[in-house]
Amino acid sequence: MADTLPAGLRYSKEHEWVALDGDVATVGITDYAQSSLGDIVYVELPRVGGTLTQFANIGVVESVKAVSDIFTPIGGEVVGVNEAIEADPALVNRDPYGEGWLFKVKLADVGQLDELMAAVAYEQLISEA
Amino acid sequence: MTDTGALRRTALYDAHLALGARMVPFGGFEMPVQYTGILAEHDAVRKRAGLFDLSHMGQIELHGADVGAWAETVTINTVANMKPGQARYNVFTNDAGGALDDVIFYRLDEQRWLLVVNASNVEKIWNYIGTLRYGDVEFHNYHGERALIAIQGPRSVEWLQPYVEADLAALKYYGCVGTRVRGLADPVLVARTGYTGEDGFELFLPGEDATGVWDLLLAENREAGLMACGLGARDVLRLEAGMPLYGNELTETITPLQAGIGWAIKFQKPAFRGKDALLAQRDANDYPRIVGVVMDGPVPARSGYAVFANGERVGTVRSGSTGPSVGKNVATALVAPSAAAEGTVLEIEVRGARHPARVVALPFYTRPKA
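Heads up: the sequence lines are chains A and B, in that order. Take 1 as the starting number for the first sequence in our numbering and just add one per residue. Take 1001 as the starting number for the second sequence in our numbering and just add one per residue.
If you're looking for bench data, these hints aren't it; they were derived computationally from the structure. What you were told as hints is all true, and nothing was included just to trick you.
Here are some chain B residues the structure puts well away from chain A; computed CB gaps all over 12 Å:
hint : residue
1    : Asp1014
2    : Tyr1089
3    : Ala1096
4    : Ser1120
5    : Tyr1142
6    : Arg1180
7    : Glu1220
8    : Gly1225
9    : Ala1271
10   : Ala1341
Some chain A residues near chain B, calculated using beta-carbon distances under 10 Å:
hint : residue
11   : Ser36
12   : Val41
13   : Ser63
Yeah, the Cβ is synthetic: ideal placement off N, Cα and C, and Gly gets one too.
This is chain A alone, in the form it adopts within the complex (with noise of 0.2 Å):
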């Protein structure tokens, strides 16, 4: 799994990944967090238009079993949702860090990305887990 990892992705200790692009991030979850979950039925994303604040809890991704949290790793205005798995909830199983993303935030501050690991930083910390 960890020799998975996309190298430009940024991670949270909560498992969720943000690429990137000028200065909208997207988010999602990561292949280790969906693999955790198993088959997920539900998602709730945050509305297009509202305001996050990092790390703050944002949503749910229910499993068969289990309701967890989304911590958005990432703050800023909300400028985009993935519609596709509101129809098709385990496309976050089946691509993780491509089809299967969640939301996209227009950052509010860059230097927010500091908080968050590299793809080794995070390799590490779920060998641990």
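On the provided structure of chain A, position chain B as indicated by the hints.
Just chain B now, with coordinates in the frame of chain A:
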């Protein structure tokens, strides 16, 4: 749960690890919650068959001439009139009619019964029956020593029969038989019982024989689609089949009447523990009761969520999950009688927002007739 020590392991522990199972604590044991995934395992059981390790469940043998008469004084169903080779669902009740545990009695011969109890209640039931001295009745606890393997699903007969001497197709639902299993020295009890809503069998066997049987069944039938299934799939399967889970739909304060298993209460029995309370509850008919709930939308209901009807709080969700065979999210809720009728429109509060739902008849899922 009174267990405070280290978790125990079933005889199949190494087999679970070899299959890549995710292990969780359950009933004092480390048990597989899933192998490949809950939905895939659920699908295997509904369409083909799945293999379950249920060795964490309590197995207690009851011996003696007075077992039937004794058991009838502390449970809701009849026991004495069971014939050897019959299994019967039953509930141990307290004075208030609440459930101490729901169990299955298997009559092995004239003077021997096997009692299968929930893992989390083994200690409670073992201690409880130990305080009930009565005539010619002896108890033997095989918890953790004997294994229990279930094969559940429409292809169970086909896949199990090659290893078993008894004619499985001829065994009735809720029947049991002591029979030879290929490769094993001693006879094994095979019962046509289960907790999935599908046809299937449960094999009660010595712990040391469990891995051989498990590996053989999987090796021979895996390619055809037999899957090892964990407790996660089992919970979804039993919820869809409308079967109560002790601790959720049935507790020391939720009686069998409330849980919707009044059919198992034999009020014509002269006396049994909890009878007066259950009679009074039945006659007053004003008790909160377990109903089936289907969510209209995509948000699953979960145990503990508040239930509303016409803006009033009417109850609480007791179990909730996605229902793959139903195509909707399903739940059970304990609700006021005014909100229990089929078709009643409910709202379930999920993270502060109310989501529409409806009361439906249980079970959610009935297997197609063979």
